[in-house]
Amino acid sequence: RKEVEQDPGPFNVPEGATVAFNCTYSNSASQSFFWYRQDCRKEPKLLMSVYSSGNEDGRFTAQLNRASQYISLLIRDSKLSDSATYLCVVSTSGTYKYIFGTGTRLKVLA
Amino acid sequence: DAGVIQSPRHEVTEMGQEVTLRCKPISGHNSLFWYRQTMMRGLELLIYFNNNVPIDDSGMPEDRFSAKMPNASFSTLKIQPSEPRDSAVYFCASILEGTEAFFGQGTRLTVV
Numbered sequence: 001r002k003e004v005e006q007d008p009g010p011f012n013v014p015e016g017a018t019v020a021f022n023c024t025y026s027n028s029a030s031q032s033f034f035w036y037r038q039d040c041r042k043e044p045k046l047l048m049s050v051y052s053s054g055n056e057d058g059r060f061t062a063q064l065n066r067a068s069q070y071i072s073l074l075i076r077d078s079k080l081s082d083s084a085t086y087l088c089v090v091s092t093s094g095t096y097k098y099i100f101g102t103g104t105r106l107k108v109l110a
Numbered sequence: 001d002a003g004v005i006q007s008p009r010h011e012v013t014e015m016g017q018e019v020t021l022r023c024k025p026i027s028g029h030n031s032l033f034w035y036r037q038t039m040m041r042g043l044e045l046l047i048y049f050n051n052n053v054p055i056d057d058s059g060m061p062e063d064r065f066s067a068k069m070p071n072a073s074f075s076t077l078k079i080q081p082s083e084p085r086d087s088a089v090y091f092c093a094s095i096l097e098g099t100e101a102f103f104g105q106g107t108r109l110t111v112v
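Chains as they are written, first to last, in this note's numbering: chain A, 1 to 110; chain S, 1 to 112.
Watch out, some of these pointers could steer you wrong.
In silico DMTMM-like cross-links for lysine to aspartate or glutamate, where the CA-CA straight-line distance does not exceed 25 Å [as the list claims (entries may be wrong)]:
(1) A:Lys42 x S:Glu44
(2) A:Lys2 x A:Asp57
(3) A:Lys2 x S:Glu62
Not close to chain A: a few residues of chain S, all C-beta gaps over 10 Å, as computed [to be verified]:
(4) Ser7
(5) Glu11
(6) Lys24
(7) Ile26
(8) Arg41
(9) Pro61
(10) Ala67
(11) Lys78
(12) Phe103
Hints are computed from structural coordinates only; laboratory data are not their basis.
None of these values were measured; they are calculated from a predicted model.
We put the CB at the ideal spot given by N, CA and C, even for glycine.
With the sequences and hints as input, model every part of the structure.
Rendered as structure tokens:
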């Protein structure tokens, strides 16, 4: 089983829709969680960190479920510019080993 | 700071040749990562360094791959000999104490 797993998609959604991605991780000692965004042929960039209590940044909401070992990303009111690949990242306590999921592709359609 | 700098941006080489990829991390960052990205396997962690010391190289595919970090401002990833299946985008990323990972623009390697 992979350490971090994501549905590769693609998720094709119309503009204005709400879309959610999940990411599961296998190591219960995982301590830090992030969502990154990667545009085609570009490097990944941090979208947001994921905090235990959940956090929101504009149209984006991230949540952590430690009991079930998954993190989620919710995007409200999708824009064409949200089309990208979304990567979840997990790091284990005491290390700086950042493990990336394979990413979920999102296409927002006009 | 100019961010993480990788060179070259593109590399085309013949099978059997040695390839060296270079990375300059952000000044002050104490962890450096090498990743490889392909369509089939996504972003794979090859090796990471903390304070210039290799901590985990379990992702290095085989002995043909080696990485060094002689000082805090420079790292190399070497493939010798290269094979067509090594074709991928290789990213370097640097981190300060478990915070955000900053990526370089990557090196697109094609082995023919």
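Just pull the numbers of the violated hints for me, sorted ascending.
Hints 2, 8, 12 not satisfied by this model.
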